[in-house]
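Engineer: Residue numbers (my numbering), protein chains in the order written: chain L, 42 to 470; chain X, 179 to 490.
Everything labelled a hint here was simulated from the structure, so no lab data went into it. Hints should not be assumed to be uniformly reliable.
[Claimed, not checked] Cut-off 27 angstroms, straight-line C-alpha distance, at most; resulting in silico cross-link-like pairs (BS3-like, lysine-lysine):
{"hint": "1", "chain 1": "L", "residue 1": "314", "chain 2": "X", "residue 2": "273"}
{"hint": "2", "chain 1": "L", "residue 1": "314", "chain 2": "X", "residue 2": "358"}
{"hint": "3", "chain 1": "X", "residue 1": "264", "chain 2": "L", "residue 2": "359"}
Fair warning: this is a prediction, and the values are worked out from it, not measured in the lab.
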Amino acid sequence: MRTLIKGARVLDPGKVDGYKSILINGQTIEAILDPADFVPENENDLNVIDAAGLVLVPGLMDIHVHLREPGHEYKETIATGAAAAARGGFTAVCAMPNTRPVNDNSQVTAFILGKANAAKGARVYPVGAVTQGSAGTQLSEIQDMQQAGIKAVSDDGRPVENAQIMRRALEYCRGLSIPVFVHAEDLSLVNGGAMNEGPPATAQGIPGIPNAAEAVMVARDILLSRLTGGHVHFCHISCEESIDLIRKAKHQGIRVTCETAPHYFTLTDADVKGYDTCFKMNPPLRSEKDRQAVIQGLADGTIDVIASDHAPHSKEEKDLEFDRAAFGIVGLETSLPLSLKLVQNNHLTLENLILKMAKNPAKILGINNDITPGNPADLSLIDLKEQGVIDPARFVSKSRNTPFTGMKVQGRAAATMVDGIFVFGWWHD
Amino acid sequence: MRFTKKDILDIHSLDPAEITLILDTAMGMKEISQRPVKKVPTLRGKTIVLFFQEPSTRTKLSFEIAAKRLSADSVAIAKSGSSMAKGETLMDTVKNLEAMKPDVIVMRHASSGAAYLVANRVNCSVINAGDGIHAHPSQALLDLMSVREKKGCIKGLKLAMIGDIAHSRVARSDIIGFSKMGAHVSVCAPLTMIPAGIEALGCTVAPSMEACVTDADVIMTLRIQKERMTDVLFPSEREYAGRFGLNTQRVALAHKDVTIMHPGPMNRGVEISSGVADGKYSMILDQVTNGVALRMALYYLVAGGSRHADTD
Chain L
42 MRTLIKGARV
52 LDPGKVDGYK
62 SILINGQTIE
72 AILDPADFVP
82 ENENDLNVID
92 AAGLVLVPGL
102 MDIHVHLREP
112 GHEYKETIAT
122 GAAAAARGGF
132 TAVCAMPNTR
142 PVNDNSQVTA
152 FILGKANAAK
162 GARVYPVGAV
172 TQGSAGTQLS
182 EIQDMQQAGI
192 KAVSDDGRPV
202 ENAQIMRRAL
212 EYCRGLSIPV
222 FVHAEDLSLV
232 NGGAMNEGPP
242 ATAQGIPGIP
252 NAAEAVMVAR
262 DILLSRLTGG
272 HVHFCHISCE
282 ESIDLIRKAK
292 HQGIRVTCET
302 APHYFTLTDA
312 DVKGYDTCFK
322 MNPPLRSEKD
332 RQAVIQGLAD
342 GTIDVIASDH
352 APHSKEEKDL
362 EFDRAAFGIV
372 GLETSLPLSL
382 KLVQNNHLTL
392 ENLILKMAKN
402 PAKILGINND
412 ITPGNPADLS
422 LIDLKEQGVI
432 DPARFVSKSR
442 NTPFTGMKVQ
452 GRAAATMVDG
462 IFVFGWWHD
Chain X
179 MRFTKKDILD
189 IHSLDPAEIT
199 LILDTAMGMK
209 EISQRPVKKV
219 PTLRGKTIVL
229 FFQEPSTRTK
239 LSFEIAAKRL
249 SADSVAIAKS
259 GSSMAKGETL
269 MDTVKNLEAM
279 KPDVIVMRHA
289 SSGAAYLVAN
299 RVNCSVINAG
309 DGIHAHPSQA
319 LLDLMSVREK
329 KGCIKGLKLA
339 MIGDIAHSRV
349 ARSDIIGFSK
359 MGAHVSVCAP
369 LTMIPAGIEA
379 LGCTVAPSME
389 ACVTDADVIM
399 TLRIQKERMT
409 DVLFPSEREY
419 AGRFGLNTQR
429 VALAHKDVTI
439 MHPGPMNRGV
449 EISSGVADGK
459 YSMILDQVTN
469 GVALRMALYY
479 LVAGGSRHAD
489 TD
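All chains, please: the whole structure from these sequences, using the hints.
Structural biologist: Encoded structure:
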């Protein structure tokens, strides 16, 4: 079985940009053809997709999602999460290990991959825990998990509080050539806070979380990366201070990369109103100054990746007093349209956005996702024009906790192909 | 003027005319408490639920006495012994309360915004008796009532407020209320107790205790919450009392007719000396007396007054 995708603008930053046809044979890309090249379309086993008006890019990757399985299947399962990812345009996601049990050994890793293979959605790259039970005291069997299929380690949801443990984790992982994803948070500075520290928190009487709660830990782990040479990847960077530190570290040649999430360049703490817990996440929505710093960091290359920090929660966990509700929002099905606003507002070129949503994530994980013959056919088709409104009722994720309900957006995922098979296509909608 | 609000959730949502109406109504209620028979039939047949999820003595008692003086039936439930202690969510508890058809729910809760969550989901009136560190509107209104009664009007007065502004719902509501009614509010505390952006609520931050109280018409001290010692807000009660305790020397810097207020409960010898608390300028017990009248006014306005005139 072969598939021909024709008529699309093919954009693989730095490699290809033009109207091409992509011929896929089985699971792999067979050829990149010029429109004029002859392909016998009357072949019985050739599936032809007319993608005129769409942009075809290397498979988008969301390297920070919570699929909640095993243990919290009422929030999300690997199957529903992988389907939500496919619908959001992602061919692959990194599944954070804060499940129950924690993904801190190869059996859990194997379980996740087994479920993911059966799901027929986006590819799932499990992330293993840095420490056993993410308790921060003893290293997990990282090499064993790597052989089972993890692509990175993280205690996400929690910081590795002990600096010596973090140092050892970085040294150990350097030897395995896998990155440590850092949830940068000094818990003593968070001190029970539930939103950004600042005037909106003061007015509403909600305990605040200062920017320094994040930046203090970013500074520490930059220094530990410098000490060990280990690759630190900072998750969900939200504030100016962190971005300044990371920019300087990169200039010094320290091995750090980082990601931000769409909510940090779309919303601010001024949007937190009426104790609506759909606006509660960790790190919290920051000030307008921080939002601008995040956009600047994306534009100047300090921020490598856009990842959603997809954090599904049930209605029962959100429909509570603000300080008691769970942190986190879903993001897989809103990330691409929200990120396209950066292009529409001339903050990023489309090419640059694809770097941050496809190429850089792959590079951090050590994966080659170039659109080139012989590579797996993991491809995303994007419609840049379609106007729409974000409607959680249409999410295929199990959870609906989003602050973006009713927001107008332009552009969306049109189709998503993993291993030569469409796991989502506009014809499904 | 008709009072049209279903709920009393904070001072921010009341305009000056509504505040004036509440204070005027409360002045009328005050006389009832001075009669030999302290009861009028105004709210007979109305049910008021006192839903207190945090310890409270005076506020709860004040709301309860206010209900009885208007002949409403009041029932109190506390967190311990309620289904909340068994893990029921706030919304489920409140929906169950509502199913028993109360007219007013008075609620205190440790989470900021809890009264909003409830008010948005129930048809009966909700009076916020304190939510987390956010708002305590009936306290601010009784403070306004007490000061207006003493000074004649609020406009142009200088109010000095000393204490843990960051963790005080009374401070937030009083700053908003007094500034809305035209007073100049100045706050002072160790900087650990001054939250970011407090000026936006309507106050200035004084550089010192002395600067704060100088020429003040009203000085309000707030309770130092001993349970917050773990937050490292100040090194010791001794040092706090030395720098920020209200004593007779500091009171002497204020206007000669200064009024001293405290929302209670007091830590004598820490934020306020006994000489000041019991002295001639103190209005602390008048605040408590006025609290009953003010809460009677709130009940009347949301459950019995002009809001329901059409159906009476």
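Engineer: Just pull the numbers of the violated hints for me, sorted ascending.
Structural biologist: Every hint satisfied by this model.
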